[in-house]
Amino acid sequence: MRVNLGFGVRWSLVCLTSIFLLGGRVGAQESEPKASASPMVEPIIVEPIATVTTEGVGKVTGVVLERGRLVPLRDVGVFILPHRLKATTDQKGQFVFDAVPAGPCQLAVNAAGFVRNETNLTVVADETVTLGKTLMEREPDAGFETLVSAKKIRRDDSTKSLDQKEFLSLPGAGGDPVKAVQNLPGVNRVQSFSSQVVIQGSSPQDTKYNVDGHDVPLVFHFGGLTSVVMPEAVEQVDYLSAGYGPEYSRAMGGIISLKTRDAEVSERDSKGFFFFDTLKAGGLFETKLSEDSSLLVSARYSYVGLLLAAIAKDNDAFDLTVAPEFMDFTVIGTHRLNDQDRLRIIGLASRDVLEFLLKEPVRADPGLRGSFKNETVFYRLIPQWERKYGDGDALRVSMGVGQDSILADLGDNYFKAKTWVTTARVEREQFWSADWKAFSGLDLSYGQANVDVRLPILKGDGGVGNPISSGKEKEVSTRTDVIGLGAYLRNEWKPDGGAWTWMPSARFDYFNLTKQSLLAPRFGFKYQHNPDLLLKGATGLYYQAPEPQQVNSSFGNPDIKAPSAIHLTTGFEQDLHVENFSALSLGANLFDREFQNLVVDSKQFIQRDGVLVPEIYNNEGRGRAYGAEILLKGERGTYSGWIAYTWSQSTRWDPNRPEYKFAYDQTHNINLIGAKKFSNDWKVSGRYRYVTGNPYTPVLSSVFDADNDTYIPMRGPIYSERLGAFSQLDLRIDKIWTKAESIYSAYLDIQNLLNTKNPESLRYAYDYSRSETISGLPVLVALGLKIDL
Amino acid sequence: MKKISMTALGMIALLCTGCGDSDLPDSSELGKLKILTIKSSMAAGDGINTLAEYSPGDGPITLTPVISYLNGANGTTLSYDIQACVDPGIYVGAEPSCIGNPTMVSVGSGNITSLDFAHSFTGAADPATLTLPSAAVIFSNRSAVEQFNGVTYLITYSVTASDGSQARSIKRLVVSTRTSKNFNPILADVFGNGQTLSSFPAGGVVTLTDVIGATGAEGFQQMKDDESLIDRRESLVTSWFVSDGELKYLRTTEGLGTELEIPGALPTTRSKFVIAVLRDERGGIDFHIKTFP
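In order, the protein sequences belong to chains X and W. Remember, our numbering sits 30 above the position in the first sequence when you count from 1. Remember, our numbering sits 276 above the position in the second sequence when you count from 1.
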């Protein structure tokens, strides 16, 4: 079989083809019907229901598989009629009838959730009839995943999680786990093409990202198109918000954590898929290496650049010299050493590149001109070892080793950074008594960054930047060691196994950038009022190291200290039992964050080492973000959906001005998601979002910079005005075609179905005398096809 | 790391901005009261070049603003006000103003006599002169690196029309210990279709190119924070302004021209202008004004 993508992307073809061919070959081996039962197979139970008298008997064998997925169906009843013989399939789906009367008969297979299968056959005395594969078709409406999944495994009650079943089919998220998180309560809406996640009124820089517990430099490919790990290789995405536990730190906002999955080989030894959509193509292959080992490999390549290049072809303003592209690669190997020990190794690699040439300087800022290139490459190797003890105790050790390489050529300026990164986590999970469980661990990181930079020191205010031309250029080559040493102790004390659980915890962090040793107490509780109602609360202190450039003596202030936040949250989770609803739950939280020592821009000059220097940053910022969030999820028959609503306020202070709204202060944030399953594996789902418009700073006038032919904006009160509200309807249609030995899945994802002109920001005239609104995405149609083999 | 993500985002935004339609005016348009540039100069002693970079106490330094106010009505008068001070740190976000600055001095103020309705209020305005403060003032507590690369002395220039229109501008004088000072670049002429631009044909399309003096872009040294020196070369960028018509490119870099599409109907009550301003992005400036009756 050949796949003609028609995009001329050689790399992707090679990759896809090899994945496909490998998957296809293995599949073919597996699908060969067995002539007889394998010696490894357990004895087939044959239950003669009636005594048969005949002149001869023959043998009948076969295998029962699920149509499309080719998964063996075990413990399924197989009957020979009219002789009323019965066999039950083994774990490989195989069955054997040793003595079937010669002559015509009928084989009937019954399995719960599947359409009954009947096959006519003729048995010859003393011979074996090998039926090969009996493919069982799922009953209508039994094949689609639901939006409302079972409760996730989570340590923290402040954690919100989405599993693969959920995030793959959420409308508007394009199947991406991190974009799907943006549907959850407490997550602020970010602009189109943003690569950031903003949590509960915090700053984008207050969110950290990790894969399997180890930091990665970015979670999205450029423009926020998709996250850097193929969604199908992710088991679960966790979103840790206010009050998260001591296992993580260095993030005042929260953590986005992707958990990769092992190869799924419990039902089939090998399988895989490939896909392509309007932006990218890729594939995933997973296989059993031995009884104790498995391997998963996935890769993606984006051809979005070809589309952009086509758009830019006749543009007078710029040439796309290298069309933007991204690719990522994931490999996950697992090996069970024995009943106690398990090894896992995860390899991640990601590359984004974009290069273009401006034919004239940018009209608003002549400092931006010439060739531009941005390339971000990172890879991580994450070995993990887990030992589980019989008494519920466990030991987990893991490392993250890799390199981040960032190149940004910005006309005459540049930023080149190459960072060797090593992170390590060790955790001991221990029952200290029957009602006291403790998690103690280390969370260590070391990065050695070699940076060459020529950039202007440039400050704006209130989200309105000054032109690059008006900055003061600095050229620096530096090596920076970034060390973070963390240790934590988490306790879960459930007195007498009762309803209350108390979680007194603490975390210690050392940041070499600020030379600070910091102790952060944290505390949580939960009260299981009844099996359906959980009350919970948490508080704690959270420190975050400043960004390396903020403590750099050339571009920042080496005396900057770590900012901190105090989190406070409380809420409940209630399972509701309502007639006709198969699942209905309600959760609500209140959250409050007090930010201290925030790093803010300074316009002052100070004496340092006897000379007058710009302070650039200081720690005189404060802030507060508080609000309430509600999540109602339900499923009734073929309908499912959720309502997520957040009300919040986020403000900041600094010495030079009174309280002002934060850039991501969004009073109301509503996400309505609904899905309906139809017969023949159709599903239609939709999402509606309404979010209060972001605050912005008005520009009242400007001053001409005669040296640079640009204008310096004169700002009004900071963040004193708001953009219009954001309102968007997204629609997604999914369809699955189940063929005999493959499954075709297609989706149509339409973002902004109503083509609402949502204001995202303002674009100013060269002298700020006029402005116009920049709208977000128009109708955006994504079409994808996935083929499971 | 996030900063770099934002860089990528910025690039995407740049692409989108480039593609997007906009009704906002271009910087090349002349009409309302605007300051096009301010050239500072001091004789270099070679009879050819003028200095754009200075030492403490240098003077007299001549400031020549270029102004345009095509929309100014007959009878309108223009006045100016010039102040100077040590740069309060515009690059770190300080207001581009000398008000409240302890080093502020008034350089001059009064009516602009060189531009009136007959000149369409467009051209070089009355020059002003100043002398720089001593090193004790301008280099006070500044590091050796900053003294070498240059401490900026800020000039604020505001022009007010009698009809209430106002324009404000800043100009930085680079004051350094560097021995090889920066010269103002020389914009010798403006060519139209390969020859000196001598007409403004209605309905025509003219390829405009700048004719840059032989000195061209200069090399210079810059001191890094570790006090090591690196060799750099300045970039010359020309900004174009036209009273009538539409330009393909509003700014051009060395050797590249732009196209001017002149409308079929031109105003008869005022002159037509093509103005080019050449900058070396180190404070060096020259300009050339073509006036067509």
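Worth flagging that the hints you see were computed from the coordinates, not collected in a lab. A few of these clues could be false.
Stated by the list, open to error - Subject to a maximum C-alpha distance of 27 Å in a straight line, what follows is the list of computed DSS-like cross-link-like pairs (lysine-lysine): (1) X:Lys446 - W:Lys457; (2) X:Lys418 - X:Lys289; (3) X:Lys403 - X:Lys318; (4) W:Lys500 - X:Lys591; (5) X:Lys504 - W:Lys524; (6) W:Lys500 - X:Lys633; (7) X:Lys195 - X:Lys706; (8) X:Lys448 - X:Lys524; (9) X:Lys403 - W:Lys524; (10) W:Lys457 - X:Lys448.
These numbers come from a predicted model, not from an experiment.
Could you work out which earlier hints the structure fails to respect and list their numbers in ascending sequence? 1, 3, 5, 8 and 10
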